[in-house]
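Chemist: From first to last, the protein sequence lines are chains A and B.
Going by the numbering used here, 74 is the number at position 74 of the first sequence; the sequence numbering is gapless.
Going by the numbering used here, 116 is the number at position 116 of the second sequence; the sequence numbering is gapless.
Quick caveat, the hints were computed from the structure, so don't treat them as lab data.
Nothing false has been slipped in among the hints.
Calculated from the model, a selection of chain B residues having no Cβ within reach of chain A, i.e. all distances over 12 Å:
(1) Pro11
(2) Ala77
(3) Gln80
(4) Arg109
(5) Leu145
(6) Phe150
(7) Leu169
(8) Leu172
(9) Gly195
(10) Arg213
(11) Asp287
Derived DEER-like restraints, expressed as beta-carbon distance ranges:
(12) A/Leu8 / B/Met20: 24 to 30 Å
(13) A/Glu181 / B/Leu83: 55 to 61 Å
(14) B/Leu133 / A/Leu17: 27 to 33 Å
Which residues of chain B face chain A? A few of them, derived with a C-beta cut under 10 Å, are:
(15) Leu32
(16) Tyr35
(17) Met46
(18) Asp51
(19) Ser61
(20) Leu68
(21) Ser82
(22) Ala90
(23) Glu159
(24) Ile164
(25) Phe217
(26) Trp239
(27) Ala264
(28) Ala268
For each residue, glycine too, the CB sits at the ideal point set by N, CA and C.
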Amino acid sequence: MRRITQDLLLGVVFSALSAGLLRALLLSPGALAAPAAPPLGAAPVWPASAESAVKVASYEIVAKFDGEHHRIEARETIHFVNRSSAVLNELWFHLYLNAFKNDKTLFLRSPFGAGRSGDKAKQYGYVDVKKLSVVDGDGQDLWLKRDRHSPDDPEDETDLRVPLEHPLEPGQTLDLSLEFEDQLPELVERTGFVDSFHFMGQWFPKLARLEPNGSFAHFAFHPQSEFYADFGDYDVTLDVPSAFQVGATGSKLSESASKGRTLLRYHAENVHDFAWTAWDRFEVRSERIAGVQVRLLYPPHQQQNADAELASVRFALPHFNARYGAYPYPTLTLVHPPEAASNAGGMEYPTLITTGGPWYSTFGGGHFIDVVTTHELGHQWFYGLLASNEHAEPFLDEGFNSYAEAEALEARFGAASVFGAFGQSVSSTALNRLFSAARGADEKVAQGAADFATFRSLGAIVYSRTATVLATIARVYGRDRVNHALGVYTRKFRFQHPTTADFLAVMQSELDERAVTALKLSFSERATVDYLVREISNAPLSAAAGVFDGPSGRQEKKPEAPHQAAEYASRVVVYRHGVLQLPVDIALGFEDGTKQLRHWDGGSFTFNVDNLGPSRLVSVNVDPEQRILLDDDRSNNWLSTRGDPAPHCRDGALYAAQILLGALGP
Amino acid sequence: MSDQTLNRTTPLSTAAAAGMLLWISRTLLGSLVSYPLLLAIRGSGMTSGPDGDAVLFQPGSLLLLELLRVDAVGLAAAAQVSLLLLGLSAIFELIPLALALDWLWRPKRPLCERLSRGLSLFPRFLLLGVIALLVQAALMLAASLLGAAFKPVLASADERLRSIAPLALLGLGLIACGWFGGALDIARATLVRRGARAPSARAAFAHALLCLRAQPFRVLIGLYPSVAGSALGLLAAAWLLTRFVPASGSNVAIALSFGAHQLAMLFAIGWRVRWLGAALELSAEGD
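With the sequences and hints as input, model every part of the structure.
Modeler: Structure (structure tokens):
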């Protein structure tokens, strides 16, 4: 009995100590405190930025929600202004919800699994427009004259043309009235329902973006694509069963309940979309952060995730404000969908973002919640305020936002921005570089979302390659300069629809010509770079030997033994493969322990590093600070005559094998 | 007790000798197991720079991920070879285990005789290991099936319960496996104690199960400090190294890292040896 007690006591003590150590090892330093946003150099000078958008399409919607049958009945009024230079004879409508109407739509007939979404929906969804007429017009139903399908695609009804009865001159306004009904699909691509959880994204008939030349930027809903729309004001009244908690774009103006239903009115100005969610099990937390009323909706029992999400906003909102201009809206809504509806997670809409992750996401040293929250919050700038065409140039929002996300996370957590535990850390920059190097040269960065071969390719190139290009330029030409240049871009094109050309024009004014060339080549030409070394040579320089005739007669000098040489001529040749020309440092190490740093502008294809000195050259390391994240292969950047090149690995591998043997064997 | 009255406190020198024997064998076999991986890492070129493999452990893991990218095929192949070697090593480590048990039971036996006994017991140790492996696999399978069976029942429960319940069942399965592992050690101890009169593996196992039935909690709780002590040693080494020893290429850092790891291993083996002594005692009490 005494022995049992002794063993039990020992076991308990050991377990308690182990638990303490495990906790210490799992807690990364960055998780403990959220430092203030680092200043962006001394008092940066920013260009003037717009206070509001040029409004083209504003929407008033009154919607009645049936949570049991997952349906919405709604009336919609669109106030449209022809801000283009052309006379308009037609309108283009996006009916994104029709992407889930049947298996033949462009969206659902595309290969699944490789797209953004997970499983196909078991219950289909669609939007039926009942009537479209001009307000104060002759009451004619324009919808009857619509095209029946998307251009060149008889199976798809997500991109429909409606001819106008009368031409619309530049500057003229047109008020349209619609009646429509939604049948929500089982959750797919962020929209739909799972049990009583509902998420309504792209749920209403929406005008395509009117370009300045009078063309509409319209497209059928492709599974790899996102959206593009004009700015406007949204006034949306939602009639929902009172049991549901609702989160929506904009500010809640009023709320009234009657006979088991609640009427909620939301209003948002200078936005280009309106999304909302309804669930009868949401927990709600509210907090004022950097002058913004932040409201978080999350599933029961996920307090730790909620804490992490609010902590992320507390850091990232002021950080992004300083970097890219102040968030201009009074509210921000965060939605953490339940686990069964995880497809709804990780998406951005104006003033509303969805995060996600299982309840244990904050355990184990990973920063998954912080990564998702920071990324989606960053979209309030990259696409929210800089409303570029996500269909045609997805890298302008997803890629730039991935850079912004990594920069913010590393400002907060340092190198452990994705993971930090057991003395190991993984940074966002390292992960972006990994995906970029693996697939980055497969396709062009600057191409349409639907043009990418697969969503994996799009993910690696649009998100990771773009972020890696920007991070490389920042490391090579100065982080402050690049961040400042991005800040100029985000302020100059706030509430606008910038293009690649707009971005490059700003970079042209803020950065060196070579940096801009590298950006252009990287985005448009699949340009790559790989610095490499092949061998080190050391030639002993001895005193001249041979027969010499001098004033004092003929003298014979014998060759010295190599070890007696006074000097060595050392050479290493550094090669550049690929067309990207980026300046690079080269670290040289000599036998006597001395070191030298040489600089190469990267302009030529080879660079001879010569040295005349008393010691042999024993090591070379091209880009020792790892500035050129675009370098295709880092394993050929160095050479060394070092004895055992892998002592840590030897120790670690032996230790791991011993542990496994202990667990498996006796 | 039929053979010998077991001295409850095994002399420290004897325990140390048995422990050293296990550590040496584990180190040699561990070196063998890890060698293919080490070769793959060296062959990748990622450690050819002036800082060797210290670059792989820099904050952010940029170059560690690069190693995984540039040498994924080589590392995968090496890992397969290492796994094969691990399996073989686990089998061959039964010989030093038999020697260590024998050392604990009869500290003064001549080395040749001890070696000969260890080798002669190897087939029965192996058979015991196979039986135990099959039973433990069945236990884990049962735990996993039970978890799957509970899934519909838990469909309406909250997310936490839905994900914790199968894990808890697997945890219970692991405890049962550990318990069964304790019985396995008692069976091994029985074989060692009986020496020339050693029963068949099946009979030894039956004897161990009798011991387990007679004193179930003593087996379970006797194993507890061994398992918890091993975990403590490993975690303490990890904590000390992450706090005080940066992964630089310096010789001091490498020596400290190696020292801490091997101390942790010795600590774990020490507790294992203590349990083996207890297993001998339990086996003798069951006679």
